[in-house]
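Okay, here's what each chain looks like letter by letter:
Protein chains: 2
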Amino acid sequence: MAKPLILVTNDDGITAPGIQALISFASEIGDVFVVAPDSPQSGMGHAITINSTLHATKINTLDENGVKTAYSCSGTPADCVKIGLQELLDKKPDIVLSGINHGSNSSINVIYSGTMSAAIEAGIEGVPAIGFSLCDFTWKADFSQAKIFIQKIINQALENGIPNGVVLNVNIPKLSSDEIKGIKVCRQARANWKEKFDKRKSPMGKDYYWLTGEFDLLDNGEDTDEWALAEGYISVVPTQFDLTAHHAIQNINTWQLK
Amino acid sequence: MAKPLILVTNDDGITAPGIQALISFASEIGDVFVVAPDSPQSGMGHAITINSTLHATKINTLDENGVKTAYSCSGTPADCVKIGLQELLDKKPDIVLSGINHGSNSSINVIYSGTMSAAIEAGIEGVPAIGFSLCDFTWKADFSQAKIFIQKIINQALENGIPNGVVLNVNIPKLSSDEIKGIKVCRQARANWKEKFDKRKSPMGKDYYWLTGEFDLLDNGEDTDEWALAEGYISVVPTQFDLTAHHAIQNINTWQLK
Chain A
0 MAKPLILVTN
10 DDGITAPGIQ
20 ALISFASEIG
30 DVFVVAPDSP
40 QSGMGHAITI
50 NSTLHATKIN
60 TLDENGVKTA
70 YSCSGTPADC
80 VKIGLQELLD
90 KKPDIVLSGI
100 NHGSNSSINV
110 IYSGTMSAAI
120 EAGIEGVPAI
130 GFSLCDFTWK
140 ADFSQAKIFI
150 QKIINQALEN
160 GIPNGVVLNV
170 NIPKLSSDEI
180 KGIKVCRQAR
190 ANWKEKFDKR
200 KSPMGKDYYW
210 LTGEFDLLDN
220 GEDTDEWALA
230 EGYISVVPTQ
240 FDLTAHHAIQ
250 NINTWQLK
Chain B
0 MAKPLILVTN
10 DDGITAPGIQ
20 ALISFASEIG
30 DVFVVAPDSP
40 QSGMGHAITI
50 NSTLHATKIN
60 TLDENGVKTA
70 YSCSGTPADC
80 VKIGLQELLD
90 KKPDIVLSGI
100 NHGSNSSINV
110 IYSGTMSAAI
120 EAGIEGVPAI
130 GFSLCDFTWK
140 ADFSQAKIFI
150 QKIINQALEN
160 GIPNGVVLNV
170 NIPKLSSDEI
180 KGIKVCRQAR
190 ANWKEKFDKR
200 KSPMGKDYYW
210 LTGEFDLLDN
220 GEDTDEWALA
230 EGYISVVPTQ
240 FDLTAHHAIQ
250 NINTWQLK
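Chains A and B, in that order, are what the protein sequence lines are. Residue numbers are given in numbering that gives the first Met the number 0: position 165 of the first sequence equals residue 164, and the series is strictly consecutive. Residue numbers are given in numbering that gives the first Met the number 0: position 101 of the second sequence equals residue 100, and the series is strictly consecutive.
So here's chain A without its partners, still in its complex pose (with noise of 0.2 Å):
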């Protein structure tokens, strides 16, 4: 049988150990196809670059791990897929893998996060997909004691495929590989985060702000992911793009709307 044909891209950029790691262990699996950011690119959405131009260099230093093309782009994680799924690659890829992003993006954070941006962008263009993040926002983060785990799920997705319309957001506690109890298939968390602006002055005299703030979980359901990563699991998110809240529907019908 063919090798799989796997696309690897974060928000990290390309020169992020986390997806170097990803590299290295998708390399065991599968042909690995990189198109990375050549910045990072945290807390980007779902951006996309319409406004200006993007480039796109191939790059040779990611040979030593068996990768067989990577390209570095000017854009987004969006980007990044676009560019690779209808430009750069001559085939389909059999799965599109984002990260492993320095630091969590379970919860809310899927909304504001570029790995998984990468991974819905797939999704939407009908190419299974998974992001992977370690809850260790340090550059320096130990992202060998997740291999075994994160190989067991791509090779589970390329197995059973992921449902139509999903990806796989997937949160790996910073843990050893012992610590860590197992996965959990999750929903995402209902929280937010309590900004704080921290307001400066500038040498000219000029307010300007520092966003910074505090997660806020506010769910103590023991089927959500931020439980299972307090408990010491790798937490799954399925994750979706129709954002219809069909419940909903109902009551907006009740509305004086005619």
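A couple of the hints might just be wrong.
Repeated chains share a single entry, so a pair holds when one copy, or any two copies, can fit it.
Only pairs whose alpha carbons sit at most 25 Å apart, straight line, appear in this in silico DSS-like list of lysine-lysine [what the hints assert, rightly or not]: (1) Lys57 with Lys67; (2) Lys91 with Lys257; (3) Lys198 with Lys91; (4) Lys67 with Lys205; (5) Lys198 with Lys67; (6) Lys198 with Lys90; (7) Lys139 with Lys151; (8) Lys195 with Lys90; (9) Lys151 with Lys91; (10) Lys257 with Lys180; (11) Lys57 with Lys91; (12) Lys91 with Lys195; (13) Lys193 with Lys57; (14) Lys180 with Lys151.
Read the hints as simulated data drawn from the structure, not as lab findings.
Given the structure of chain A, go ahead and fit chain B onto it with the hints provided.
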């Protein structure tokens, strides 16, 4: 009864005719407070500014519309809502309105939409919110035809309340008010964009790309926003930010993940 406090934002920037129209329509309903991007942010998805500073500048040019306060913000639409709610407003608004966007945000466009990211951000923070878009991307689009419908939707949302965890994605066909057949509550149509990358060479001989594409509707349902718009109705899609594909959890639980 006190007039409702209405926060207005958009993604085309504070100078766009679409937001000027929305400010004018909303001023007849409540007290309007504006925080909008200082430059166009189309296609920004749910991007937020975490690696650079944010500026918010008080401006007075909007006072003729009855606007109490307006700020021009250097950030994305989601940033505008965050800084508006947490830093610039003294109290929680009764509703957040985003738009009127110059161009459609129906179907899969919701994922890429800065207009809807502002509404979703408000929803995440527990404030009722509606994004409005007119299916006419030109700068000189005629927003006045939609006035009575937009005011009806705002008034009904204020009166009935929008269900928790839901924001409204309202799209308006490019028709006169006489031609508009009414308002339909819909689901998001399945669709994607068939990208075409327009590849060019720079004066320095380097390849670069412009992202273009064609909308590809994959859904014949008569309960979708695309169907409603094509038939001459305004579409209202209740939109959620819990992205969990609940129906897929059982399927993924059959995988060998132990």
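_Lys139 and Lys151: within-copy, between-copy, both or neither at 25 Å Cα_ = within (24 Å within a copy, 54 Å between copies)
*Can you give me the call for Lys193 and Lys57, within, between, both or neither, at a CA distance of at most 25 Å?*
For Lys193 and Lys57, only the inter-copy Cα distance (24 Å) is at most 25 Å; the intra-copy one is 41 Å.
*When no copy is specified for Lys198 and Lys91, does a C-alpha distance of 25 Å or less occur within a copy, between copies, both, or neither?*
The answer is between: 20 Å across copies meets 25 Å, while 48 Å in one copy does not.
*If the cutoff is 25 Å on CA atoms, where do Lys151 and Lys91 land: within, between, both or neither? Let me know, please.*
within (22 Å within a copy, 46 Å between copies)
*Between copies, within a copy, both or neither: which fits Lys91 and Lys257 at Cα up to 25 Å?*
neither (47 Å within a copy, 30 Å between copies)
*At most 25 Å between C-alpha atoms: does Lys91 with Lys195 qualify within a copy, between copies, both, or neither?*
between (44 Å within a copy, 15 Å between copies)
_With identical chains, the pair Lys57 and Lys67 could be close in the same copy or across copies; at 25 Å between alpha carbons, which is it: within, between, both, or neither?_
Within one copy, since 11 Å is at most 25 Å while 53 Å is not.
*With identical chains treated as interchangeable, where does the CA-CA distance between Lys57 and Lys91 reach 25 Å or less: within a copy, between copies, both, or neither?*
within (19 Å within a copy, 50 Å between copies)
*Up to 25 Å CA-CA - Lys205 versus Lys67, copy category*: Classified as between; 22 Å across copies, 50 Å inside a copy.
*Could you figure out if Lys180 and Lys151 sit no more than 25 Å apart (CA to CA) within one copy, between two copies, both or neither?*
So Lys180 and Lys151 pass the 25 Å test inside one copy only (14 Å; across, 53 Å).
*For Lys198 vs Lys67, is the C-alpha pair at or below 25 Å within one copy, between two copies, both, or neither?*
between (47 Å within a copy, 23 Å between copies)
_Intra- versus inter-subunit Cα pairing at 25 Å for Lys195 with Lys90_ = between (46 Å within a copy, 15 Å between copies)
Against the hints set out earlier in the document, a violation occurs for number 2 only.
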